[in-house]
Structures are given as C-alpha cells and as structure tokens.
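Undergrad: Construct the entire structure; sequences and hints are all you get.
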Amino acid sequence: MFEFSRSSSAEAERPEPFSQEGPALWSASLRSWDLCFEMDEQDRVIRVGGRQAYRLQCAHGLGEQPRPFAEYLERRAPGAPTLAGLRRGERLDLTLRSDAAAPLTCRFQPMQPLDGLGRSLLLGMDISDLNWQSDSQQHQLQSLSLGKLVLSRLRHVSHGHLAEAVQEILESLSGAFQMQAIALLLGDGKGFCTVFASHVRPGSDSLLRPTLQLADDDLREGAGARLLRRGEGASTLLRQIGEDALYLVPAAMRGGRLGALLVRPLSLEQLAQGPAPQDWQYLAELLANQVADRCELHEQHDSSRKLGLLQEMIGGGWWRYWAEQELFELAPALHDSLGLTGEYRRVPLEHLQGLLQPADADELGLRLRASLRSGQALAQDLCLRQPDSRGERRWLRIEGRPLGRGSALGLSGVLLDISEGRRQEERVQAAHARLRSLIDSAPVVIYVQRVEQGHLVPEFYSESASNLLGLDLQGQSWQALAERVHPDDLEAFLARGRELLREGRVKTRYRLADGQGNWHWLYDEAKLLRDAQGLPSEAVGLWLDVTEQHLAAQRIAESEERYRVLVEDSPALICRYTADLVLTYVNRTFADSLATSPERLVGRRLDEWLAAEDASALRARLLGSPREGASEVPELRFNLPGQRFLWLVWAERPLFDARGELCEVQAVGRDNTPVRRAQQQLAQGAKMASLGEMVSGLAHEVKQPLHVLRMTLFNMRQRMNSVGLDGDYLGEKLERMDAQVMRVDRLVSHLGVFSRKSALEALPFDPYAAFEGALGLLGEGLRQHAIEVECPAPTQRMVVRGQADQLEQVIINLLANARDALLGNPGLASRRVRLEQVACREPGWVELHVHDNGGGIEPLLLERIFEPFFTTKAEGKGTGLGLSVSHDLVRNMGGSLTAANQGEGALFVVRLPLAAPAEAGG
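Going by full-length UniProt numbering, the first residue of the sequence shown is number 1, and it counts up by one from there.
Derived from the structure by calculation, the hints contain no laboratory data.
Just so it is clear, the structure is predicted and the values come from calculations on it, not from any experiment.
Honestly, I wouldn't trust all of these hints.
Unchecked claim - No farther apart than 20 Å at their CA atoms in a straight line, the calculated lysine to aspartate or glutamate pairs in the EDC-like style are these:
| hint | residue 1 | residue 2 |
| --- | --- | --- |
| 1 | K306 | E296 |
| 2 | K527 | E548 |
| 3 | K527 | E538 |
| 4 | K527 | E599 |
| 5 | K507 | E548 |
| 6 | K507 | D488 |
| 7 | K527 | E452 |
| 8 | K190 | E168 |
| 9 | K306 | D336 |
| 10 | K527 | D545 |
| 11 | K527 | E503 |
| 12 | K190 | E296 |
| 13 | K190 | D217 |
| 14 | K190 | E299 |
TA: Following this line, the structure appears as structure tokens:
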C-alpha cells in the first residue's frame with residue numbers, strides 16, 4: 001500500500017499535527033481501507049493513502065498544496081453537496097479517475113473528524129468489480145437490444161433501401177454510445193474495403209462517407225477490437241482517413257470475407273465507458289453478416305432473374321439427366337421452348353428423342369451412354385422434327401458432364417438454341433462458295449504468301465490465275481515465278497518483297513509472261529498480316545491485269561506528244577490563262593511573237609500587253625462566257641516594246657470544272673498585223689483619193705475667199721482715190737478680209753488633219769462632228785451641183801469611242817457616193833441629201849443616217865456593195881474600195897455599217913456604241 005506524507009518544508013504552512021488519536025487512526029485506516037483521504041474544512045485533500053491509492057491518476061504527496069476533492073472524481077459532480085451528505089453520515093459510491101483502463105469505484109463511509117481544527121477522514125472500499133459487472137450487464141443488454149433492432153430493421157427492408165437502413169442503425173449506435181462517427185466496412189477480397197454506410201454526428205468533419213474505398217491491411221491483422229492511435233504502430237486506416245485515433249472492430253464473416261465497424265469516439269474516456277470489446281464484436285459481426293447476406297441474396301436473385309431472362313432470350317437452359325430413371329429435368333424456359341407439358345418439367349428420354357430427327361435421336365442415346373461409361377463430356381448438335389413458326393429447321397446444341405455416382409449417376413449441362421447460328425453458318429458457307437466462284441472467275445488473281453524466316457513462300461492462288469495467265473501456279477516456288485518476270489522489271493519485283501516485309505504493304509507494276517510467252521502488265525497490291533505477337537505471318541494480295549490500260553496510257557502519251565509537237569510548231573498563237581488573265585501555258589510561236597521564252601511568260605498577265613479597254617472587255621466576256629462552244633473576238637492589239645503593235649484575231653474557249661465554275665480559258669490567236677497595216681494603208685489611200693476627188697470643189701472653196709479679198713482691195717483703192725479712207729470704212733473692210741483669211745486657214749487646217757494617218761488609240765469624241773467636218777470639205781461642191789443638204793442639229797450630244805478622222809472619212813465616202821448617185825440620175829426634179837443623228841431604241845448605241853433621193857441601189861447588188869473593188873460606176877470612175885474601207889473602219893470601232901433602199905433613194909446607217917459614262921462626262 002502507498003502512503004503520501006508532507007515534507008518538513010511545508011509544516012509551517014499546514015495546520016497543527018494530529019492529536020494523539022489522529023496518527024493512530026490514520027495508520028489504522030491505511031491498513032484496513034482501500035482509499036483514505038485527509039480533508040480540510042474546505043473539502044480539499046491534504047494527503048491520500050490506502051491499499052488502492054497507487055491506482056489514482058492524481059497522486060498527492062506530502063508537502064503539496066491541497067487539491068479540491070472534485071479533481072479526483074471521474075464523473076465531475078458538484079463537490080459540496082456530495083461531501084455534505086458524507087458529513088451528515090450518509091454513504092456514497094463515487095468513481096475516481098484511475099491510471100488503469102477501467103475507472104476506480106469506491107463506496108465511501110461518512111466522514112470522521114480527526115481533530116478539532118476541522119480536519120476529517122474519508123474512508124472508502126473498492127467496489128469496482130461490482131460496478132463493472134453492473135455496467136457490463138447494462139452494455140450487454142443494450143447490445144442485445146441493438147442487435148434485435150438490427151435484425152428487425154434489416155429483415156423486411158428492400159435492397160434499394162438497405163444502405164439507408166444500415167445508416168439509421170449506425171445512427172442509433174452512435175447515439176447510444178456517444179460516438180462522433182461510425183461506419184460499416186465490407187471487404188471486396190482484393191485488398192480493399194468499402195464504406196457501405198456511415199453516420200457522422202452533425203457538426204463533425206470526417207471522411208467516413210459511403211463508397212469510400214480503403215485498404216484492408218488493418219482488417220487482415222485479425223487482432224480483435226482495438227484502438228488505433230497515431231504514433232503507436234503503422235496504421236493504413238489512420239493515414240488514409242487522417243484521424244489521430246480510431247476504434248476498429250473486425251467482424252468475422254461467413255465465407256472468409258472481411259468486415260468491420262470503424263468508430264471515431266468523442267473521447268477516449270467516453271470509449272472506455274462504452275460496451276466491452278466482445279459486445280462491440282457481437283454488434284459488428286451481426287450487422288456485417290446481415291448486410292452481406294442481404295447483398296448476397298440480392299445478387300442471387302438478380303443472377304437468377306438474369307439467367308432466366310437469358311435462357312428465355314436464347315431459347316435454351318440447363319438440364320439434368322438421371323441415368324437410372326432415364327429422365328431429363330429441364331429448365332423452365334427450356335421446357336416451355338420445346339413445347340413440353342408437365343408439372344415437374346421431367347421428360348423421359350424416349351419422349352425427348354421423339355422430338356428429334358431419327359438420326360440425331362439414335363446418336364443422342366449412344367452419346368449419353370458413352371459419356372456415362374467413359375466420364376467424358378457430351379456435345380452434340382440436334383435437329384428437331386417440328387420446324388419453327390417460319391417453317392425453318394430448328395437446331396439445338398446439347399453439352400454436359402457426368403455428375404454423381406452409383407444410383408445418383410447422371411449428366412448435367414446446357415441445351416442451347418443454335419438455329420440462327422446454323423442458318424448464319426449455312427449462309428456463310430453459301431456466301432463463301434459464291435465468293436470463291438466469283439474470285440475464281442474474276443479478272444483479278446487473289447494470292448496468299450506465307451512468311452518463313454524472312455522469305456515469302458507462295459501458298460495459294462485463285463483459279464482465275466489459270467484463266468489470266470494460262471498457268472497452274474499452285475505449288476510453284478517463288479523462284480519459278482521470278483523467272484517469268486520481264487528482265488527490265490526484275491529489280492522492281494525483287495524490291496516489292498523487301499518493301500512488303502519492311503512497310504507492311506506494297507503497290508507495284510511489272511510484266512509477267514503467260515503460258516504462251518505473251519507479256520502481261522500486272523498491278524500488284526499486297527498487305528502483310530501479323531499474328532498475335534505482332535510477327536509477320538502471311539501476305540494477302542491481288543494481281544490485276546492492266547495490260548490494256550497500260551497500252552492505252554502509252555497510246556495517250558504518244559498522242560499527247562504528237563499534239564504537243566503540233567501545238568508547239570503551229571503557226572497559230574496558242575495560250576491558256578485563268579479568269580484573272582494569268583497565263584498558264586504559251587506555245588513557242590506566241591512566245592516568239594512577244595520576243596521571249598514560254599517559261600518566262602507563264603505566270604504573267606495578259607493585261608501587261610493589252611490596252612485597258614481591251615483587258616476590261618476581255619474580263620467582261622469571261623464573266624458572261626457561255627458553257628458551250630468557243631467565242632471569237634474581232635481583234636486584240638498587243639503593245640510591244642519599241643512602239644510596235646501586234647494585231648491578233650482572238651478565239652477563246654472557256655473551260656469549266658465539275659461545279660460549273662470557270663477554271664481556265666484556252667485561246668488561239670491569228671496574227672492579223674499585216675492585214676491591219678494593209679487596212680491602214682488602204683484607208684489612207686482612200687483618204688487621199690477622196691482628197692483628189694474633192695480638188696475641184698476645194699479649189700472653188702479656196703478661190704471664193706480670194707475673190708472676196710481681191711474685190712475688197714479694189715473697192716478700198718477706189719475709195720481712197722475718190723474721197724479717201726476713214727477709220728470706220730477701213731475697219732469694216734479689214735474685218736471682212738480677216739474673215740476670209742480665217743476661212744482659208746480653217747480649210748487648210750482641216751485638210752491637214754484629214755490627210756494625216758489615223759491614231760491607233762481610240763479616243764472619245766462627238767459623232768455629230770463627223771457630219772460637220774464632212775460638210776466643211778464637200779458642202780461647197782454639193783451646192784455647186786444644186787444638191788440640197790439637210791443636217792439638223794441633234795437634240796442631245798452623244799459621245800462615242802474611236803478615231804474621229806476615220807468616222808469623218810466614212811461620212812465623206814457616203815456623201816460622195818450619194819452625190820454621184822444624184823448626178824447620175826438627170827431626170828430628178830430635185831437632188832437632196834439628209835444627214836441625221838438618231839438615238840437608238842436599244843440603250844448604249846447611236847446611229848448616223850445618210851439618206852438621198854437618188855433612186856436607191858439595185859436589190860441584187862445590196863449584198864455585194866461592201867465587197868472590196870466592187871463598184872457600180874463606169875470604168876475609170878471609181879476604185880470600189882470606198883464602201884469596203886468604210887465598212888472595216890466602222891467595224892474596228894465596234895459598230896456596223898448597213899445599206900438599204902428607203903423611199904426614193906438609199907439609206908446608209910452607221911451604228912456605233914456609246915462611250916462609258918465616265919468618258920462621256922470627261
């Protein structure tokens with residue numbers, strides 16, 4: 001026993017020592033009582049002794065300051081009323097804090113005074129065993145009650161609400177034993193366990209949530225219910241959940257499975273006051289096994305349902321055969337699918353054989369006896385006599401193994417409906433036969449080559465090889481095949497095998513000799529197949545006879561070469577260009593005309609050589625080009641270096657893609673430069689000829705102002721000699737003389753402009769000015785011949801584009817022809833010529849009319865009057881080029897010149913396109 005005394009250093013502070021009876025009573029009490037407390041008048045402990053004093057958690061030695069008695073109690077309760085009862089002579093059971101796992105419970109006697117200074121002696125006997133038995137019984141009863149709750153709660157709950165019911169049970173356990181969190185763990189047999197259900201007290205944070213997966217290392221140790229504490233050995237659960245302490249209660253489950261209750265107590269003291277480990281073990285095993293049984297039962301029901309559904313879907317099921325009774329027991333779905341009747345689904349062997357084809361029935365009996373005798377498995381395909389609803393044969397597959405001994409000897413297995421599989425097999429066989437026939441008769445050769453140690457060994461050739469090559473290639477070696485390859489293609493043939501083994505596929509062409517020695521071009525395509533280890537096993541390929549295609553391609557290539565030479569050597573200028581006028585091809589003739597090479601022209605644009613209006617017109621035609629046929633442009637003028645010009649008659653054909661979009665234009669040009677130059681020279685000659693014809697009229701036109709000048713000078717001289725010259729008279733005469741000089745100057749200037757060569761550039765001008773210019777040159781001559789000229793001013797001035805002097809030359813030619821026609825008809829009462837500018841009904845055009853009353857043109861000659869050198873005048877009176885040149889000049893300006901008989905004479909119409917609005921405004 002232990003005794004705690006005060007040291008001498010504290011004697012001055014404590015009360016006086018005991019009386020003579022005090023020490024004796026204290027010493028006697030230490031030997032007789034389990035706990036002895038010396039108390040002061042404030043119920044503070046001065047010292048502690050007794051047989052069980054060593055078990056107290058708060059030891060009190062001699063010389064220490066007095067402590068309140070309440071600090072020694074396990075369950076804190078107000079100390080004053082308790083000790084007051086002891087002072088009144090009452091007995092009281094109190095539980096004190098102990099160093100052991102279980103608390104120390106003592107029954108204390110009433111306090112005894114030790115001296116007259118207020119000191120008292122509190123004596124107690126240890127009744128922990130009696131109290132523990134009472135608590136243990138209470139916990140056992142509580143555990144049994146909770147176990148009854150588990151059984152009643154889980155008995156009728158559905159599987160879908162099983163986890164919810166377990167959670168409610170865990171909540172009851174947590175409330176009964178004051179737990180912060182509690183969870184049920186079930187192992188999966190693979191090293192892990194899963195939280196099936198859990199309860200966490202509100203306001204607590206814990207990772208113990210349903211579906212949490214944890215390692216089952218702590219469960220497999222099998223050490224019983226135990227407290228897991230951080231720092232006291234390695235614990236996987238503590239590390240995964242992140243807790244400092246957990247109470248683990250492993251549960252022994254049927255079938256060797258692992259389960260456990262995992263508890264997080266509010267405090268370790270609260271855990272010590274809870275159920276004993278065996279009570280925890282009882283609850284854990286009861287709950288885990290109940291849950292596992294319910295889950296297993298659900299899985300069995302689910303498996304049974306799935307099995308029944310599967311048997312119903314496949315039209316089969318399990319069966320069992322008893323050899324002694326020669327009876328078959330069939331699964332319900334199988335029994336119904338065979339159309340059998342009977343309460344116990346037992347069918348005699350003879351009855352079952354009666355459902356089968358005779359040959360299959362006899363074979364089934366033999367195989368059943370052989371399997372029972374030898375112990376080997378049974379397997380056979382059976383055909384039923386009765387067809388199915390579609391009138392097709394029904395096939396079954398029976399498989400089984402021997403089962404039992406002696407009188408219980410029999411077979412058990414499955415019977416499956418394989419009708420669809422057999423029909424598929426028959427269809428596959430028929431399709432295979434058709435495919436084999438198709439392959440053998442196809443124009444391709446299917447072959448298989450086996451891979452052996454890096455070599456390709458021929459293994460199979462389709463029968464079409466004999467039809468194609470007239471050879472039986474079956475069994476021929478690779479060397480024999482290589483000897484039939486054309487010598488020029490042997491390298492490609494040898495490289496084919498290496499590429500196939502290296503790349504896994506190959507495509508090549510080579511020539512192979514047939515049985516008669518003729519060469520065949522073969523297109524060879526093969527693919528390498530590999531086994532499960534990824535190693536090459538065989539190559540499957542095909543030969544396609546492409547001899548005709550190869551010869552056709554060769555003929556096409558030769559034809560292309562011939563046409564290429566023809567195009568390159570053609571005197572025509574040929575090119576191709578895109579919608580943006582970018583050249584994609586130019587032949588040699590075109591390149592030579594542009595003084596460069598074809599390579600330098602490709603990629604350049606046509607508008608580099610064309611005038612702006614020609615390029616714009618060319619683009620506009622491309623936008624509206626027809627889908628079929630070629631279109632011809634009158635002429636295009638190419639501007640070359642050195643102020644040289646190239647005139648081409650241009651024919652173009654648009655090329656469209658499959659979507660109908662313009663992709664390219666092919667054009668052929670004919671060099672029209674010599675013709676153009678001849679036309680220019682001819683026009684200039686015609687102009688000079690017109691001047692020659694106008695000489696007499698021009699002479700009169702010049703002579704008239706000179707005559708006026710001479711008369712004016714004569715009058716001035718007479719006036720000066722008679723009365724003299726005054727200023728007004730002199731000024732009037734000088735102005736008249738100046739006007740006549742200006743008249744001559746305009747005439748000479750007009751002749752100079754008219755006689756010059758026409759400009760090449762087309763410029764905007766007023767077409768009515770051509771009337772004015774022509775009348776300026778021919779008007780006087782017409783008046784001398786009594787020809788009346790009408791030329792009304794237009795209501796609106798128009799603007800056309802071209803050469804103004806050339807249009808004036810056309811009008812002069814038409815006026816000259818009208819004059820000759822009028823003078824050649826002496827019976828006319830009057831001679832009239834009308835010049836008029838007329839707006840066309842069609843927008844964008846203007847017409848110039850020259851109409852006379854000279855009797856018109858013979859109808860048979862209307863079609864020929866614009867031909868070169870054609871004239872109706874007397875010999876020596878005309879060249880026959882006037883109208884022809886006029887027709888070409890108008891056409892070059894984009895217009896037309898037509899002739900017709902109207903009224904009393906001929907009507908010539910010059911039709912010209914109007915200039916663009918921007919040019920007209922300028």
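Undergrad: Now, for every hint given, state plainly whether the structure supports it.
TA: These are the hints, each one checked on the structure:
no.	hint	in the structure
1	K306 <-> E296	holds (15 Å)
2	K527 <-> E548	violated (25 Å)
3	K527 <-> E538	holds (9 Å)
4	K527 <-> E599	violated (43 Å)
5	K507 <-> E548	holds (19 Å)
6	K507 <-> D488	holds (17 Å)
7	K527 <-> E452	holds (16 Å)
8	K190 <-> E168	violated (28 Å)
9	K306 <-> D336	holds (17 Å)
10	K527 <-> D545	holds (18 Å)
11	K527 <-> E503	holds (9 Å)
12	K190 <-> E296	holds (17 Å)
13	K190 <-> D217	holds (11 Å)
14	K190 <-> E299	holds (19 Å)
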